[in-house]
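Novice: On the provided structure of chain C, position chain Z as indicated by the hints.
These are the residues of each chain, in order.
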Amino acid sequence: MKHDDCAHIFELLSEYLDHELEPASCEQLENHLQDCPECVEFVQSLKRSRELCRQFGGSRQAAQLAPEAMAALRGAYQKMMARRAASR
Amino acid sequence: MKSDAQIAADLFTGDEAAFTEFVKAFHARLSQYSFLMCGQREDAEEVAQETLLKVFESIDQLRDPNRLRSWVFRIAKNECFMKRRKSIFAPKAELSLDDLKPARLGDGEGGRIDIADWSSLPDDLLLDAELRDAMAKAIQRLPETYRSVVLLRDVEELSTEETAEILEIGTDAVKTRLHRGRLALRQHLDRYLRSRKGGQAA
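Chains as they are written, first to last, in this note's numbering: chain C, 1 to 88; chain Z, 1001 to 1202.
It is worth saying that the hints were derived from the structure and are not from the lab.
If a hint is listed, it holds; no wrong ones were tucked in.
Mimicking BS3-like on lysine-lysine, the simulated pairs with C-alpha atoms at most 25 angstroms apart in a straight line are:
hint: 1; chain 1: Z; residue 1: K1083; chain 2: Z; residue 2: K1024
hint: 2; chain 1: Z; residue 1: K1054; chain 2: C; residue 2: K79
hint: 3; chain 1: C; residue 1: K79; chain 2: Z; residue 2: K1024
A short list of chain C residues far from chain Z (calculated; beta carbon distances all over 12 angstroms):
hint: 4; residue: A24
hint: 5; residue: C26
hint: 6; residue: N31
hint: 7; residue: H32
hint: 8; residue: Q34
Incomplete in silico selection of chain C near chain Z, CB under 10 angstroms:
hint: 9; residue: E41
hint: 10; residue: Q61
hint: 11; residue: G75
Glycine is no exception: its CB is placed at the ideal position from the N, C-alpha and C atoms.
Chain C on its own, in the form it takes in the complex:
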């Protein structure tokens, strides 16, 4: 990453992946990518890394709550419903 262009687009990559870049910057970045296989390879790895985060979030295990914890939560929920009914 010695080219000035590479360094410049390096700063914009997350906004590019999130479609948050201004159209002019986006066009400039895509033009650069057409001529720079190294940056393309880097963008792909960054994108894959973001995908892994999303998959990681989606693959969370639903842990079992202890019966006492569930009972405490149910009690708080019932009080919440009672407060809402009383305030009507």
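Specialist: Same frame as chain C, now just chain Z:
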């Protein structure tokens, strides 16, 4: 995925099924979020349960049901900070962009960048316990400033605005920290891929 307003509306029906669904869904999310923030399983479980209790106790303060998820995660974030452990929250490190750029192999401008073979990764993270574990470790290694943003934006998939609201910072700060956090995470994973069998850089 249900909208925030729909989740809130279902919860306010008072149905046992709505209660169970809400607790199940948010308990799983909050446990994972808290584990990655606090670094301790016991703390994470306490944070998740304490957050859910506070949600039921103070939901009257939620003014806009469209912001339910960010409101819940703001409570969880505050609970995590109360469990703050020096081992994982300190020191406060800053990530510099220069340190996150890949190195170039060889001399001169034409040198190839030094990057692992990312195509060796399985498509489905679920099938690979070792990769799941590496992901958790890579996220936990991020300095807290960046980890808090990466978790909300990329793991929980909340918007820039929601993340800003939860962390009580501006949207520009969210974007800056997200970019550095993502680059650092990519770098950790890149190193992991090189150490992984069959994942050597070409």
